[in-house]
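**Student:** Quick note, the sequences are listed as chains A and B, same order. In this text, residue positions in the first sequence follow UniProt numbering: the first is 1, and each later residue adds one. In this text, residue positions in the second sequence follow UniProt numbering: the first is 1, and each later residue adds one.
Treat each hint with caution, since some may be false.
Said to hold, decoys possible - Only part of the chain B face toward chain A is listed, based on derived beta-carbon distances under 8 Å:
(1) Thr80
(2) Arg156
(3) Arg230
Hints listed in this document are in silico derivations from the structure and should not be mistaken for laboratory results. We put the CB at the ideal spot given by N, CA and C, even for glycine.
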Amino acid sequence: MRVAVIGAGVIGLSTAQSIYEHYHSIVSPLTIEVYADKFTPLTTSDGAAGFWQPYLYDKGNVQETKWNKETFDYLLSFLKSPESIKMGIFLESGYNLCSEPAPDPSFKDSVLGFRQLTDRELQIFPGYKFGWFNTALMIEGKTYLPWLMEWLRKRGVKFYHRKIKSFKELAETGADVIINCSGMWSGQLQPDPDLKPGRGQILKVDAPWLKHWIITHDFTKGTYNSPYIIPGSRLVTLGGVFQMGNWSEQNSSVDHKEIWEKACQLEPSLKHARIVDDWSGLRPVRSKVRLEREAIWSGETPIEVIHNYGHGGFGLTIHRGCAEEAARLFGQIVEQKGKGPKARL
Amino acid sequence: MMKSVRVVVVGAGVIGFSTAVCIVEALPFCSVTLMADKFSPDTTSDGAAGILFAAQFPDIPLQRQRCWFKDSFDHLLAITQSQCAPEAGVMLSSGWQIFKEVPAVKKPFWSEFVIGFRLMTDVELKRFPDHKFGQAFTTLKCECSTYLPWLEKRFRKAGGQVEQRKVNNLQELSNSFDIIVNCSGLGSKVLVGDTQVYPVRGQVLKVEAPWVQHFIRDGDGTTYIYPGIRSVTIGGTRQEGDWRLQVDDRDTKGILERCSRLEPSLNKAKILSEWVGLRPSRKNPRVEREVVELQGRPVPVVHNYGHGGWGVTLAWGTALDTLGLVKQSLCEMAPQPKL
Numbered sequence: 001m002r003v004a005v006i007g008a009g010v011i012g013l014s015t016a017q018s019i020y021e022h023y024h025s026i027v028s029p030l031t032i033e034v035y036a037d038k039f040t041p042l043t044t045s046d047g048a049a050g051f052w053q054p055y056l057y058d059k060g061n062v063q064e065t066k067w068n069k070e071t072f073d074y075l076l077s078f079l080k081s082p083e084s085i086k087m088g089i090f091l092e093s094g095y096n097l098c099s100e101p102a103p104d105p106s107f108k109d110s111v112l113g114f115r116q117l118t119d120r121e122l123q124i125f126p127g128y129k130f131g132w133f134n135t136a137l138m139i140e141g142k143t144y145l146p147w148l149m150e151w152l153r154k155r156g157v158k159f160y161h162r163k164i165k166s167f168k169e170l171a172e173t174g175a176d177v178i179i180n181c182s183g184m185w186s187g188q189l190q191p192d193p194d195l196k197p198g199r200g201q202i203l204k205v206d207a208p209w210l211k212h213w214i215i216t217h218d219f220t221k222g223t224y225n226s227p228y229i230i231p232g233s234r235l236v237t238l239g240g241v242f243q244m245g246n247w248s249e250q251n252s253s254v255d256h257k258e259i260w261e262k263a264c265q266l267e268p269s270l271k272h273a274r275i276v277d278d279w280s281g282l283r284p285v286r287s288k289v290r291l292e293r294e295a296i297w298s299g300e301t302p303i304e305v306i307h308n309y310g311h312g313g314f315g316l317t318i319h320r321g322c323a324e325e326a327a328r329l330f331g332q333i334v335e336q337k338g339k340g341p342k343a344r345l
Numbered sequence: 001m002m003k004s005v006r007v008v009v010v011g012a013g014v015i016g017f018s019t020a021v022c023i024v025e026a027l028p029f030c031s032v033t034l035m036a037d038k039f040s041p042d043t044t045s046d047g048a049a050g051i052l053f054a055a056q057f058p059d060i061p062l063q064r065q066r067c068w069f070k071d072s073f074d075h076l077l078a079i080t081q082s083q084c085a086p087e088a089g090v091m092l093s094s095g096w097q098i099f100k101e102v103p104a105v106k107k108p109f110w111s112e113f114v115i116g117f118r119l120m121t122d123v124e125l126k127r128f129p130d131h132k133f134g135q136a137f138t139t140l141k142c143e144c145s146t147y148l149p150w151l152e153k154r155f156r157k158a159g160g161q162v163e164q165r166k167v168n169n170l171q172e173l174s175n176s177f178d179i180i181v182n183c184s185g186l187g188s189k190v191l192v193g194d195t196q197v198y199p200v201r202g203q204v205l206k207v208e209a210p211w212v213q214h215f216i217r218d219g220d221g222t223t224y225i226y227p228g229i230r231s232v233t234i235g236g237t238r239q240e241g242d243w244r245l246q247v248d249d250r251d252t253k254g255i256l257e258r259c260s261r262l263e264p265s266l267n268k269a270k271i272l273s274e275w276v277g278l279r280p281s282r283k284n285p286r287v288e289r290e291v292v293e294l295q296g297r298p299v300p301v302v303h304n305y306g307h308g309g310w311g312v313t314l315a316w317g318t319a320l321d322t323l324g325l326v327k328q329s330l331c332e333m334a335p336q337p338k339l
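Next up, chain A with everything else stripped away, as it sits in the complex (with noise of 0.2 Å):
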């Protein structure tokens, strides 16, 4: 069977992984190939701070909090080795800080350590009444997807330069199943007025001295467009807009100054720190990720399609999870096509 996947960012890769973990075996041959514009370190994947952190609350989508669990332990069943520096991930533990109590978040089970803040932790953060610390997980993306390179390629995976314009232009060319992880593009592909753009910009700085991440949240503006403060292995990223329907891929520096002076003001200490980039990024926001199968007819026969895009602003967070729901769709595919294990009785 011949795989073809769309996109090279976090969720292209690791769905890539799962299929091949879960199917390498069971179908032969099997060919996966991964068709994108932009690889690492060009992809929204590589811009984003890294850190594992699902939105406070899922609004009753379970599945989704499921699939933010999973890729938590995944990821954390990685620590007891050294291959986990290779891989970008490292624990670190940090502050979520409101300006008025909150329910627990959807993510209190899955992290390490989750408490309420005491009053001498609040006493830290002037301006803020309420709020969590507990230990969570770094992914950080430049490090994670050069490495899920490196897996795939060794597994005999390959990579293709190339902006795929349609479904039918990848099945044309033989493809059994086209695994759609387009991301904030996939809207190209096939319209979905679900899909927008949570544009986003971030600062990164030096300064090391930071230890522990801190995510502010204002329950007015909604997520991320507070400041937040994400220190990494090499830098600290600054950040804290979330502008929906703005496709700009500009840094501005109205929002430069913003992040800037906001980020100052929750940590003094910043205030000398040396600023070393500006990135800014869209985040491929949907009212739910779209993790489905979908048969496209073009012609007799009709086009397998798996889409798994619109994670948000929680792509990392989530990625294990649909990555290993999608290998699960993709088993279904086999078992209609009868290329499964029992083809071979």
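With chain A fixed as given, assemble chain B onto it according to the hints.
**Tutor:** Frame of chain A, contents of chain B only:
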């Protein structure tokens, strides 16, 4: 007219400079000179990881020890909340202290002064299969190779004088100074003949592992991982009565093995440097005043030494305590005769 009181502080480690700054900032009518043989980066304080933890000393009233810890912690915490933090070399650090056997005291006296102290959950302990019990909290790290120069700036700005000179005995100082403050650490063994002072040798490695964001300390105090601003300090050793200042390769090997067991990712870390320091140990730190007959005159001497491995942790608190003792000495000094 009262002549300016001349105070000398002997020692330029974290105890010396903290004490000197406390005195010069609180007593503007004193002229304060800090005198030492070694300055940063060559003091014992410079090599210390500088993480704030305390031990409990047997003979000092608990309330006084609590003050020492709390005052030090609050002072450094205030620095982390200010713009000075990077220049002063102070940062917040969260992590875990883990024990192979459940300790007698689950909540030590300092647990209320650090931040967010709690016992570790079973899930958190799973990462440390050799350990049965643990404490999680947020404390502070104060890097003396940065902090000492920052304190020196502060000291000079307030009018303090700094002199590089090895002091061999207190007599040498009695001509030029009215009050002597002794912060000479291990040097007190010779300087004031304190036989109770002894070294506890500690070796550490500094490694490049910027992905390590938490401290991990074994409750036995011999194995620890302390991420700092630009490197991670891993250690250590506790060799009582050992005066060797050279690096011991067997200790290096032991440290790497024990620390990698706690944090496997350290296997990939590049070693940047190694260092040995002699903790200026004593059964209890000596923070007290006395009057010593020097060259026919009674001279107040205030001692602030013997902090062992807890120098950074107790520096500001014992400095404030010492300032109080200096003030008491000032009160007792005979006023200048008025004609």
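**Student:** Restraint: B/Thr80 near chain A, CB-CB cut 8 Å. Satisfied or not?
**Tutor:** holds, 7 Å
**Student:** Have a go at the B/Arg156 hint: is there a Cβ in chain A nearer than 8 Å to its own Cβ?
**Tutor:** violated, 21 Å
**Student:** Please verify that hint: B/Arg230, Cβ, nearest Cβ of chain A, below 8 Å or not.
**Tutor:** Cβ of B/Arg230 sits 6 Å from chain A, so the hint holds.
Hint compliance for this structure: hint 2 is the single one not met.
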